[in-house]
Each structure stands twice: as structure tokens, then as C-alpha cells.
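Undergrad: The lines below spell out each chain.
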Amino acid sequence: MTGAGVRADFMVTRDGFTVDVSFEIPAGQTIALLGPNGSGKSTVVEVLSGLLPIDRGRITMGIDVVDDPAEGHFVAPEARNIGVLFQDGLLFPHLSVEQNIGFGPASRGSPDPGAVGRWIETLGLTDVARRRPEAISGGQAQRVALARALINEPDILLLDEPMSALDVTSKAGMRRLLRQHLDAFAGARLLITHHPREAFLLADRIHILEQGRITQSGTAHQIQMRPRTRYAADLAGVNLLTGEAHVGAVKIGDLELRVADRGVGGQVLVTLRPQAIALHRERPGGSPRNVWATSIEEMEEAGGRVRVGLGAPLPVTAEITSESRLSLGFEVGAEVWVSVKATEIGVEPA
Amino acid sequence: MMPRGARTVPRPPPFLVVPAIVGLAFVLLPIVGLLAKMPWSKLGSLLTSDLTIDALRLSMISSIAAAAISLLIGLPLAWMLARVEFRGRGLVRGLVLLPLVLPPVVGGASLLFALGRSGLVGSAVYDTTGLVLPFSTAGVIVASTFVAMPFLIITVEGALARSDTRFEGAAASLGAGRWTVFRKVTLPMIWPSLLAGMVLTWARAFGEFGATVTFAGNLPGETQTIPLAVFVAMETDRDTALALSLLMMAVSLTVLIALRGRWWRPS
Numbered sequence: 617m618t619g620a621g622v623r624a625d626f627m628v629t630r631d632g633f634t635v636d637v638s639f640e641i642p643a644g645q646t647i648a649l650l651g652p653n654g655s656g657k658s659t660v661v662e663v664l665s666g667l668l669p670i671d672r673g674r675i676t677m678g679i680d681v682v683d684d685p686a687e688g689h690f691v692a693p694e695a696r697n698i699g700v701l702f703q704d705g706l707l708f709p710h711l712s713v714e715q716n717i718g719f720g721p722a723s724r725g726s727p728d729p730g731a732v733g734r735w736i737e738t739l740g741l742t743d744v745a746r747r748r749p750e751a752i753s754g755g756q757a758q759r760v761a762l763a764r765a766l767i768n769e770p771d772i773l774l775l776d777e778p779m780s781a782l783d784v785t786s787k788a789g790m791r792r793l794l795r796q797h798l799d800a801f802a803g804a805r806l807l808i809t810h811h812p813r814e815a816f817l818l819a820d821r822i823h824i825l826e827q828g829r830i831t832q833s834g835t836a837h838q839i840q841m842r843p844r845t846r847y848a849a850d851l852a853g854v855n856l857l858t859g860e861a862h863v864g865a866v867k868i869g870d871l872e873l874r875v876a877d878r879g880v881g882g883q884v885l886v887t888l889r890p891q892a893i894a895l896h897r898e899r900p901g902g903s904p905r906n907v908w909a910t911s912i913e914e915m916e917e918a919g920g921r922v923r924v925g926l927g928a929p930l931p932v933t934a935e936i937t938s939e940s941r942l943s944l945g946f947e948v949g950a951e952v953w954v955s956v957k958a959t960e961i962g963v964e965p966a
Numbered sequence: 011m012m013p014r015g016a017r018t019v020p021r022p023p024p025f026l027v028v029p030a031i032v033g034l035a036f037v038l039l040p041i042v043g044l045l046a047k048m049p050w051s052k053l054g055s056l057l058t059s060d061l062t063i064d065a066l067r068l069s070m071i072s073s074i075a076a077a078a079i080s081l082l083i084g085l086p087l088a089w090m091l092a093r094v095e096f097r098g099r100g101l102v103r104g105l106v107l108l109p110l111v112l113p114p115v116v117g118g119a120s121l122l123f124a125l126g127r128s129g130l131v132g133s134a135v136y137d138t139t140g141l142v143l144p145f146s147t148a149g150v151i152v153a154s155t156f157v158a159m160p161f162l163i164i165t166v167e168g169a170l171a172r173s174d175t176r177f178e179g180a181a182a183s184l185g186a187g188r189w190t191v192f193r194k195v196t197l198p199m200i201w202p203s204l205l206a207g208m209v210l211t212w213a214r215a216f217g218e219f220g221a222t223v224t225f226a227g228n229l230p231g232e233t234q235t236i237p238l239a240v241f242v243a244m245e246t247d248r249d250t251a252l253a254l255s256l257l258m259m260a261v262s263l264t265v266l267i268a269l270r271g272r273w274w275r276p277s
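Chains A and B are the protein sequences, given in the same order.
All residue numbers for the first sequence refer to the working numbering, where the first residue is 617 and numbers rise by one.
All residue numbers for the second sequence refer to the working numbering, where the first residue is 11 and numbers rise by one.
For reference, chain A alone in the conformation it holds in the complex (with noise of 0.2 Å):
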């Protein structure tokens, strides 16, 4: 397998929606691009894999320029050396699991029956080879899909909203399986997902795209920290970490809180709005809340609002009014106190 990089930087209309952007993805790295329904994610995945030519620019993959009108070059999809793992897994209903498997390779001329088998044995579906896709879960249905894209030995993988049509239980699963299977593709990789959290834990980087346009990129901590748009402070800008929780409670590093979700147990991510973490300049008491003490290791002011690093035990982002910073006279380096609810906690299955 040869990893290859991506250069995008297109303008494409269809329907009267225009998308416009640029992106690279280096080989070896997982790109997300971050946005609502609408935003124009799917369109980005018809460009990529040839499906819908480009009006303007040009895309590179590897040292071959796949689609550039300017130049008269368009690759025709089946000749472009791309794993696409879409949106409700696409599963050929009238073939059976292994045959859904075995399409790519049977197509590209190189019927190699025992990686079929291998992916098979490798994803746990033995006991489904034969079976069609309706009579398979959605969890299984997704490595069908994911072993489908990756028999062909893609340059780059395409993942369009893996997770969207799975239940979560299924998705935990599914996340850390594509966990592993991104660390171990050495080509260009890109997340396609309206979910901060999968864009969080899967990407090395991050692009908010909204109404077919970039408009900011960075990792996860510099969105949260500089959240440049509404959409990027309310849903991008959302903490996630991982825990250990056991009855009512998780444990995160050396810190417990409670959290009101008693049904969950085992390795959990756990979501926490920096607009619901509240910071005190004394101990705040007498109320059922989660307190810790710690440091402000960063601040970013923009229109009215001050988003604040914290530092241990728990590193996570704040946000809080423009007014009460200066009313609290909170600067960097100051110690201050954290109190958050239990019921603010938002605690999953990892």
C-alpha cells in the first residue's frame, strides 16, 4: 500500500449550492471536515471520488492531477485508487456479504479469494459471509462496508458520516475499530461528519465547512479555544474526554465528578459544554456540584465572550461572559474554582 496525499481547492455548483474550498490532506493523516446537513459534506465525497466533475480548480492525488477542467484532466471514478466508506454503508442489497466484499477486487480484474477471506475472518464475520445485507445489524453492516473499501488497498480513504445510521453501542464499536484501522493506512484519510465528537477523537485536524465554505481549520483545542463562528462555539466547541465510570460517578485522570446517567458503566467519553462550566474566585458551597480547584492557562475574548483554558487536574475549555471576567478580574495564571453539574455531564459507551 502506497499512501498517497490529497490537494483540494475547487469550486463546484450544482442545484444552484455552491461549494467552494481548499484543503490538503498529507498521507499518513485523518483530515475531518465538520458540518451541518447542507453544508455541502456529501458533494466534497462525490468531487473526491470522481462521481461529480469540478467546475473550477483543480484535485491532486499523490502526483496525479485527477480532475482539473482548465487542463481538460478528469480521472473516471473507477480509475481513481480511492476506498470510499459511505453514509449507511451502500451495501450491494442483491449480493451476499462476501460477495459485497469481493466486488472490488473481482472488478479491478484480481479475484484474490483468500483476502476476501482474511477480511472476513479479520472483521468477525464469519458466521454473515453468506448472508445478504438486510439480514445483518448496522454495526455489522458498517464492517462490510469498511473491509469493502480496504480489500481494494486504497491510496486514500474516503469516510462519509461512518457512524450516522449506527445505534451507540455500535458506534463505540465501529469508532475504535476505524481507530485502528486509520493508524494502521498510510494514505490520505478524510472524515466527512456533522459530530465533533467522531471529527475529536478520529482527526488530526479539523475543517468546518458551513454553506459550502471553510470557515476555519485547526485542532480540536485551537477551535475550542478560537471558535470563530456560532456553529463552531455551540457544537465544534464542545470538551470531550475520556473516563472510567462506575454507578453515578467517572473518573477522569485523578479527578471523579458525579454525573447523573447511573446506567453507564466502563471506558466512557464524556461531552462537557464550556458554557456549562461555571467559575467561582472562592469555593463555591452547598450545592450538589462538581468543585476542583485549578489555574487559567489561556484566554481568547471575541464579541462579548471569553473562552478560558483551564489547567489541571482537568484540561478543558470554558466560556464565559465578557462582563463577569472583568467583574471577577480573572488573568492568566490566576487560580480560580470550577463548579459543574452532574446533569451537565454527558457520558456514552467509548
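Because the hints were derived from the structure by calculation, they are not lab data.
We put the beta carbon where it would ideally sit given N, CA and C, even for glycine.
It is possible that some hints are incorrect.
Which bits of chain A does chain B cover? Going by a derived footprint, with three or more residues having C-beta under 8 Å, they are [to be verified]:
{"no.": "1", "region": "697–703"}
{"no.": "2", "region": "714–723"}
One-sided and incomplete, this derived list gives chain B residues near chain A with beta-carbon spacing under 8 Å [claimed, not checked]:
{"no.": "3", "residue": "Arg176"}
{"no.": "4", "residue": "Ala182"}
{"no.": "5", "residue": "Ala186"}
{"no.": "6", "residue": "Gly187"}
{"no.": "7", "residue": "Pro202"}
{"no.": "8", "residue": "Gly227"}
{"no.": "9", "residue": "Asn228"}
{"no.": "10", "residue": "Gly231"}
Chain A is fixed; fit chain B onto it per the hints.
TA: Chain B only, in chain A's frame:
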């Protein structure tokens, strides 16, 4: 409050039930009439006569050929109509379906003016190759295809328009070329509709009369299919007409029953 205990199952209303029964009787009565008059004792000899065997052979050849030709040229046409946006697509769609509403006799006459020995295209064909379509078995096939192909087109176009093209995109991303995608994804996904369209097309061709008699004439052993033979026999030999009608009914019913699991499902 609902009355206790008595759960009222809604009954179908009489104003629908009565006409429905009349409708069913209307469909079944002619068949019963046919069977009542059937000369059962002579049936064996009537069905093995040269006339019957020739007509059945011609009917089978022409109807199967019409269905096959419709598949070869009608399926691609349906695909174009469903998947390619071009100027005048609506007009083309209307024109393609014209034979559905055109009286078959007019269809046959039009074919004669176009493909006849002195016709628009037919004269050029005759001058260069010496081939004459009208009044030949090939002419029967042409006439049957003309009237029957719209059934295939209309069924398949609908199925193609309903099918999700993202599957074809997925196949292309896996390295499948256009032909492989068509053969291994597009066709299997519309297979039930394609089969239904083929059966309808075949059935229409099997019963074809008007266009055939006008374009290909009524030559026993050459162009006389079962419907034509029935028409002639109604004037001369009622018993043969009855036996041939029974034969057609049996063939049609056999096909319907054989394929019931495939397309007799309520949609």
C-alpha cells in the same frame, strides 16, 4: 363511549362490494362461455393439426423474438430516458409510448408505409439487399415489437428512476467500469421490474393482431399466428377457433402462474 364487548370489525360497504362482484363476473364469464362450448372430444386432433402447430410455432417465435428485441433496444432507451438529461426528453418519452395508445391497425399501416417494399426506408433496403419485410415472419416480429416494446420501456424506466444511483457510484469507487456497473449493479437491482416488463411485453406480443395482420398479412405457416388463425377460424371452423383460444389461454395462464411469485406482489 365504545360499547363494551362488541368489537366491530368494519365490513366492506355494499356500494363497493356489489360492483366488485359484477366486475369479477365480467372478467370470468367469457372464459366460462368458452369452456362451455369447448368440443372436448375433438380437442386432441384439433390441437395437433398442422394449422394449429404452425400457428403456435409462429406465435411463440414472434412473441419471444419481440421480447428479446425489446430487451436489446428498449432497455437502453429506458435507461437513457431515466438517467440522461437531454433536451426534448419529455417529447421523446411521449413518442416512445405512442404505440400504447395508437390503434394497432394504424401502427401496422405506418410500418407498411415506412418499411414496405416501396416505403420510405423499405425501398432502399429492397434495392440494396433484396430483403422484403412485409408478409414475412420477420414482418410479424417487427409488428409485434412495435406494439409491445413500450410495455418494457415504461416498466424499466420507472424502476430505473426509483433505484438509488448512489449504489452505482459505490461500484465505480470500487473500480467497476461502466459496463460492469450496469451488469452487476444496475440490472440486478431492477431485476424484478425488468422481468415484469419482459412478461408484459411478451404477453402483448403473443396476443398481437391488428398491426400484424396489416403489416405482415395472414399467410398460414408464414405469418399466421394464433390470434390470426382464431379470427379466420371464427368464420369457417368454430371448433378450431375454440381449441386455439383454449391453447392461448393455457399458454398465457402458465406463464402468469410460473411468474406469480416474482411480480404478482401488490406494489
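Undergrad: Under the constraints set out in the numbered hints, which ones does this structure not fulfil?
TA: Per hint list: 7, 8, 9, 10 violated.
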